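J.: Generate the whole structure from the sequences, applying the supplied hints.
Taken in order, these protein sequences are the chains called A and B.
In this text, residue positions in the first sequence follow our numbering: the first is 1, and each later residue adds one.
In this text, residue positions in the second sequence follow our numbering: the first is 111, and each later residue adds one.
Read the hints as simulated data drawn from the structure, not as lab findings.
Source: prediction; values computed, not measured.
Glycine included, every Cβ here is placed at the ideal spot set by N, Cα and C.
Please note that a few of the clues may not be correct.
[Claimed, not checked] Straight-line Cα separation of at most 25 Å, DSS-like style, residue types lysine-lysine; simulated pairs:
1. A:3 with B:151
2. B:174 with B:124
3. A:69 with A:109
4. A:109 with B:176
5. A:3 with A:109
6. B:151 with A:102
7. A:105 with B:151
8. A:105 with A:69
9. B:165 with B:130
10. A:105 with A:3
11. B:176 with B:130
12. A:102 with A:69
[What the hints assert, rightly or not] Here are the computed distance ranges between Cβ atoms for each label pair:
13. B:222 with A:28: 30 to 40 Å
14. A:110 with B:182: 44 to 54 Å
15. A:51 with B:127: 43 to 53 Å
16. A:39 with B:128: 42 to 52 Å
17. B:190 with A:102: 43 to 53 Å
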Amino acid sequence: DAKTTQPPSMDCAEGRAANLPCNHSTISGNEYVYWYRQIHSQGPQYIIHGLKNNETNEMASLIITEDRKSSTLILPHATLRDTAVYYCIVARGSQGNLIFGKGTKLSVKP
Amino acid sequence: GAVVSQHPSRVICKSGTSVKIECRSLDFQATTMFWYRQFPKQSLMLMATSNEGSKATYEQGVEKDKFLINHASLTLSTLTVTSAHPEDSSFYICSARGGAGWDTQYFGPGTRLTVL
Numbered sequence: 001d002a003k004t005t006q007p008p009s010m011d012c013a014e015g016r017a018a019n020l021p022c023n024h025s026t027i028s029g030n031e032y033v034y035w036y037r038q039i040h041s042q043g044p045q046y047i048i049h050g051l052k053n054n055e056t057n058e059m060a061s062l063i064i065t066e067d068r069k070s071s072t073l074i075l076p077h078a079t080l081r082d083t084a085v086y087y088c089i090v091a092r093g094s095q096g097n098l099i100f101g102k103g104t105k106l107s108v109k110p
Numbered sequence: 111g112a113v114v115s116q117h118p119s120r121v122i123c124k125s126g127t128s129v130k131i132e133c134r135s136l137d138f139q140a141t142t143m144f145w146y147r148q149f150p151k152q153s154l155m156l157m158a159t160s161n162e163g164s165k166a167t168y169e170q171g172v173e174k175d176k177f178l179i180n181h182a183s184l185t186l187s188t189l190t191v192t193s194a195h196p197e198d199s200s201f202y203i204c205s206a207r208g209g210a211g212w213d214t215q216y217f218g219p220g221t222r223l224t225v226l
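T.: What follows is the structure, encoded as structure tokens:
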């Protein structure tokens with residue numbers, strides 16, 4: 001599975017959009033981009049995933065570049081409860097394992 | 111999203127004893143289940159993958175005789191830590207994925223194991 005690169009930490013003001021970047025320059029054509037987050041001492045929570053097209057759900061939006069070498073997770077209106085470690089993972093859908101990197105620690109501040 | 115539960119949420123045991131952790135998919139049939147371990151301030155590390163009715167596949171460096179995994183039904187997998195030692199103290203997390211066409215894994219809330 002391809003590896004990803006994320007900034008170790010980011011801050012965001014409450015109510016503002018949080019944009020979390022992820023680089024995955026070695027992604028293969030059949031690999032998806034997944035985003036999970038982990039709030040302290042809890043299991044990871046699924047946020048969103050995509051293959052080629054941009055995706056949006058009730059939690060977030062996922063923007064994938066045309067060459068698929070990078071993506072951005074957007075939390076449109078961050079709240080204090082969005083403070084967590086966010087993991088960007090590349091994996092082969094129903095056939096792949098999720099291998100976690102170090103993620104980005106997002107701190108939402110009042 | 112789909113719901114995965116774990117039991118117990120927290121367990122304390124004496125060194126040398128065995129501990130069983132259950133992972134259940136509550137509202138879907140989990141063809142594949144995964145077990146992860148997470149040490150403090152570290153990321154999740156995949157330990158093993160199991161398909162219903164088959165033997166688990168362990169990641170390199172994970173002792174299969176120490177971490178026994180059973181996936182006997184489509185909604186239940188168990189992880190047994192045998193002859194636990196203090197260095198086995200960790201946060202154990204399971205995840206589950208449905209059958210063909212399921213792209214997403216859903217995670218349980220985790221089990222905190224402390225070995226005295």
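J.: If a hint holds in the structure, say so; if it doesn't, say that too.
T.: Structure-based check of all given hints:
A hinted pair counts as satisfied when its Cα atoms are at most 25 Å apart, and residue 3 of chain A with residue 151 of chain B qualifies at roughly 20 Å. For the hint pairing residue 174 of chain B with residue 124 of chain B, the CA-to-CA distance comes to about 21 Å; that is within 25 Å, so the pair holds. Distance check on the hinted pair: residue 69 of chain A and residue 109 of chain A sit about 30 Å apart at the alpha-carbon level, beyond 25 Å; violated. In summary, the hint linking residue 109 of chain A to residue 176 of chain B is not supported, as the alpha carbons are separated by about 43 Å, beyond the 25 Å threshold.
Restraint check: the Cα-Cα separation between residue 3 of chain A and residue 109 of chain A comes to about 30 Å, which exceeds 25 Å; the hinted pair is violated. Between residue 151 of chain B and residue 102 of chain A the alpha-carbon distance is near 10 Å, which keeps this suggested pair within the 25 Å criterion. Only pairs whose Cα atoms come within 25 Å are accepted, and residue 105 of chain A paired with residue 151 of chain B is accepted, the gap being roughly 11 Å. With a C-alpha separation of about 22 Å, the suggested pairing of residue 105 of chain A with residue 69 of chain A holds against the 25 Å cut-off.
Among the hinted pairs, residue 165 of chain B with residue 130 of chain B is consistent with the structure: their alpha-carbon atoms are about 17 Å apart, no more than 25 Å. Between residue 105 of chain A and residue 3 of chain A the CA atoms are separated by roughly 18 Å; this keeps the pair inside 25 Å, and the hint holds. For the hint pairing residue 176 of chain B with residue 130 of chain B, the CA-to-CA distance comes to about 12 Å; that is within 25 Å, so the pair holds. Among the hinted pairs, residue 102 of chain A with residue 69 of chain A is consistent with the structure: their alpha-carbon atoms are about 19 Å apart, no more than 25 Å.
One distance hint, 30 to 40 Å for the beta-carbon pair residue 222 of chain B and residue 28 of chain A, holds here, with the actual separation near 36 Å. For residue 110 of chain A and residue 182 of chain B, the hinted distance range of 44 to 54 Å is satisfied, since their beta carbons lie about 48 Å from each other. Hint check: residue 51 of chain A to residue 127 of chain B, Cβ distance near 46 Å, so the stated range 43 to 53 Å holds. For the pair residue 39 of chain A and residue 128 of chain B, the supplied restraint of 42 to 52 Å is violated, since their beta-carbon distance comes to about 30 Å.
At roughly 29 Å, the beta-carbon separation of residue 190 of chain B and residue 102 of chain A lies outside the given 43 to 53 Å, and the hint is violated.
Consistency with the previously given hints fails for numbers 3, 4, 5, 16 and 17, ordered from lowest to highest.
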